[in-house]
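As given, the protein sequences belong to chains A and B, one line each in that order. Each residue of the first sequence is one higher than the one before, starting from 1 at the first, in our numbering. Each residue of the second sequence is one higher than the one before, starting from 1 at the first, in our numbering.
Don't take each hint at face value.
With a cut-off of at most 30 Å between alpha-carbon atoms, the simulated DSS-like pairs for lysine-lysine come out as follows [said to hold, decoys possible]:
(1) Lys89/B <-> Lys275/B
(2) Lys29/A <-> Lys380/B
(3) Lys63/A <-> Lys380/B
(4) Lys220/B <-> Lys3/B
(5) Lys97/B <-> Lys380/B
(6) Lys301/B <-> Lys531/B
Note that these hints are calculated values from the structure, not bench results.
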Amino acid sequence: MTALNTKANINGPDEFYADLLSVHEGLTKEQSDALNARLILLMANHIGDREVLSQALRAAALKD
Amino acid sequence: MSKIFEVPLYPYQRCADQDQATPVRHKVVVVGAGPVGLALAIDLAMQDVPVVVIDENDKVSWGSRAICFAKRPLEILDRLGCGDPMVDKGVVWNLGKVYFDERQVFGFNLLPEEGHKRPAFINLQQYYMEQYLVDRVRQLQAEGKPIELRGGNKVVEVTQDDERAELTISTPDGPYRVQADFAIACDGAASPIRTMMGLDFVGRVFEDNFLIADVVMEAKFPTERWFWFDPPFNRGQSALLHKQPDNVWRIDFQLGWDIDRAEELKPENIDRRLKAMLGDDISYELEWSSIYTFQCRRMDKFHQGRVIFAGDAAHQVSPFGARGANSGLQDTDNLAWKLKLVIDGKAPVTLLDSYDAERVHGADENILNSSRSTDFITPKSEISRIFRDAVLDLSERYEATRPMVNSGRLSVPCTYDGSPLNGDDCALMPARTRPGSPMVDAPVPGGWLLDRTGFGFQLMTIDENAPEALDVDGIEVKRLALTTPGDADGYLKQRYLGDANSAVYLVRPDQHVAARWDHYDEAAVKAALLKAIGR
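One chain only, chain B, in its complex shape (with noise of 0.2 Å):
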């Protein structure tokens, strides 16, 4: 049986644009049809802003790579209609274990928040998520909407000026050409778009390899992740265990800087380690096997002009913490409803500054952590492994040094603080949903609030009177009533209300908070609003 990535899920057509004489002009072109450029597309076409999805490849990512999707982009995903399949097949966990040299050191436990309609994280191969993504793509194409998945069309040339950028596509007919009002590179760490514009990629090398190795076996571990310092089956290294579904293991193995990259991927020496691990009588098969290095880096700016790059191709991050494919729904997230307000001539062209000054905060965030987790599992200097050890060997005894024990920060959503965007805020309130946060969810009477926000903007009250409706320089403003009788369990006091008596909430197209208010005005309403879509 052919494995999910081997199978071609997008094979290459020769498209009407290749027997043009000269470019065809498209709304957005999105290049790479991985997680970040199918969400983007798919929140694009949702909206109605035609989108052309191109990708050098036709298929799923090659093995499971991005395995850990937390809860704010499951949010996301939800939005974009794609949320359950990935939930009903990830693995939800909330356990881990730390382990120190023989020793275990202590476990935690992520204690999950009640009312929130998804999990604080699942684990699920890259390439179901990616098949869910090209599903939902072929869904939105049988309802009619403007998206297109081209497979083996390759971006060789980018060019763009004030109005368009304009791609060379080779394809194995030969080479076409297209312009966009706008160009999104979604093309990975390795962006080859990025590459050609010769924009610079800075930031901090890890002198560090990790081996991947996934593999199918039928054992009996917890649902839990599994770390190690220093086991005895990789001295002086660390080691991760993770449930995937359909019984695949995601192990970890650090390996340092010198090694031999050939030699270590040779199924035998995968097998003696995995075997000094777990056993000599595992019976296992091996998925997939990688070897990676990493760098926590970004480019100066996301936004050149009319070309946008999101996911890898403009941030990369460490894998401890989970940050990298999280954080690249995030942009599309913040990305769509600013191109579609562009696109449609609502907002100027500059709002889409903002997607750089909230997105690089973001990345920044990200860098720090994974940054952070990165010098506690690999220390750089003797003292550094002195305090390190310290810390693990007092985390056995005492719970006061558990809180520095650093595997990796799990991703968490980012909230745009200092962003331009940001209007008034109401002191009263609760600081979780201070302008510039995520929505933080909550059940409400018949259903979730998150699956009642989104796409556009809406006006929040709770026990307050609003219009239904306003319509601000063409924009529309829907409101989303509610009020705390329907409010039994007291969550929208907690998270919205704090010490107010009611609230008014402008939300953003992507459930993120603009500005709060504890009573309805409405000329606060409109100047918030524009300050949201940068006018």
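The shape of chain A in the complex, shown without the other chains (with noise of 0.2 Å):
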């Protein structure tokens, strides 16, 4: 079983953080709630696994 990835794993951590950042630049609140939802999506789809994504949402929600 896969599990979630939960240790450092971005190679170059501050520019995946800048380019983060400078995707929303310039964007509304509204537009910014789209575009990270869209974000969401697209990752979601790419990771696939289910199981990995039920961990990745209690991660998220802070619940373990």
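Starting from the two chains in their separate frames, assemble the complex, guided by the hints.
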């Protein structure tokens, strides 16, 4: 069974964080919310594994 | 010319029961001559169970109402001898398109699987279906089958004890009473019988109104299901366009909660909506319009002693997914053979509890799917709308999110997993035909598999020997012998054998699988049969 990777896994964390902020630059709150939702859906589809997704949902809800 | 739904089909006639001093006892009284009540009565009459159908009305349904019939209900109607007129008249469709705002987001094809007699779906006005069912009732009567249809008969009181139900029926000639071994309430979502018995009907209310306009028009639109989320002509709401026979088009506008019903139903306001949607130059005739709200709910138990509930009377869903009439027909399919065995004294009355177990399971599945569709179509919170719109926006560009687009998850047959009637399973065989599943159709020499099953218990053998008939405590099990050399396209292997070299399926009278093995074992078959009839 695959487990959600909660260890640091991104090569270039500062760059990714900057990319994440920059894609929101100049957007209204409404546009940012929409972008975030699209981002979540694309990443969730990429993961695909329902067990990993469930773990991510729980982890994001700060429940574990 | 008067419309089909304006002509009385079974006008009130005084009957002999009304002249009796004591109530006449019947085997089965079905209350409600809609699709569900008529299908049940036909099923019973074909098995020689005497049945009386009563209805306060005397016509087919007013307006199109249910319009979308799925493959499994068509197979049930085939068994009842009504499938051909439905499919001959109905519109077969496979393609759908989804629009968001002003853009087409994507199109889908139901891609029906090959090797089935019936299509995945047809569209047909409910009044045609009821007409065909009434035709079938008349045909059975001509053949001498014990079925009676009484219009202008309204149930006003219901009582019951352990042995019988008693109904008080009001007519133009005054009231009379009848008794029945079983009274079956098929009297719709607002079921007066359920109300008279004070039974709960709990669930979730959806605060929304929908306007149906069925219009007759010469339109060049293809035979497809078109669904709009948040279109310019109905901002913030949804809309649906779907074709029916005779150039009738179902158009459905979501209206929201705070509306003025009388105002919305004015022809000039419907006209304004239709022109905004279809263009100022359309010409049409409005056949039927209605505003509906809906709930997703069910009764706690459908089997209430000598009174049994079926169809919308027992459970109600949103219209998205075509799960109303379609699930009602699956109720009757499940109930008729059980009633027959109980009335004939061949099965214990507790067999009827399995109707509850199996059809409550079916209703829960439908309520779950229907609630999810409704939550997608009408987001209930800001974040839910944000995700819904994100799914639609992405779906225009990427296949990834298209499976999440939910404009109705269309009715699929119910598998009775976990049913107390299910017997042995064989792990080598395909999951889709596991015990509890409806049989999957397949071409067989000289016709279709499903046309060769139904009504009695059967032992379907594939490349395996078994007796031609078995008698298990007075219940006959007939063999249906099939072989893989007769299965040129491999459908039997794909749908029934899987990795097994031979198969024995015990098939219920409603064409559901009771148990299956890879070899014939008389003791195992007998045990499975007794389990399948609740003994």
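Name the hints, by number, that the structure is in violation of. Violated hints: none at all, because every hint is consistent with the structure.
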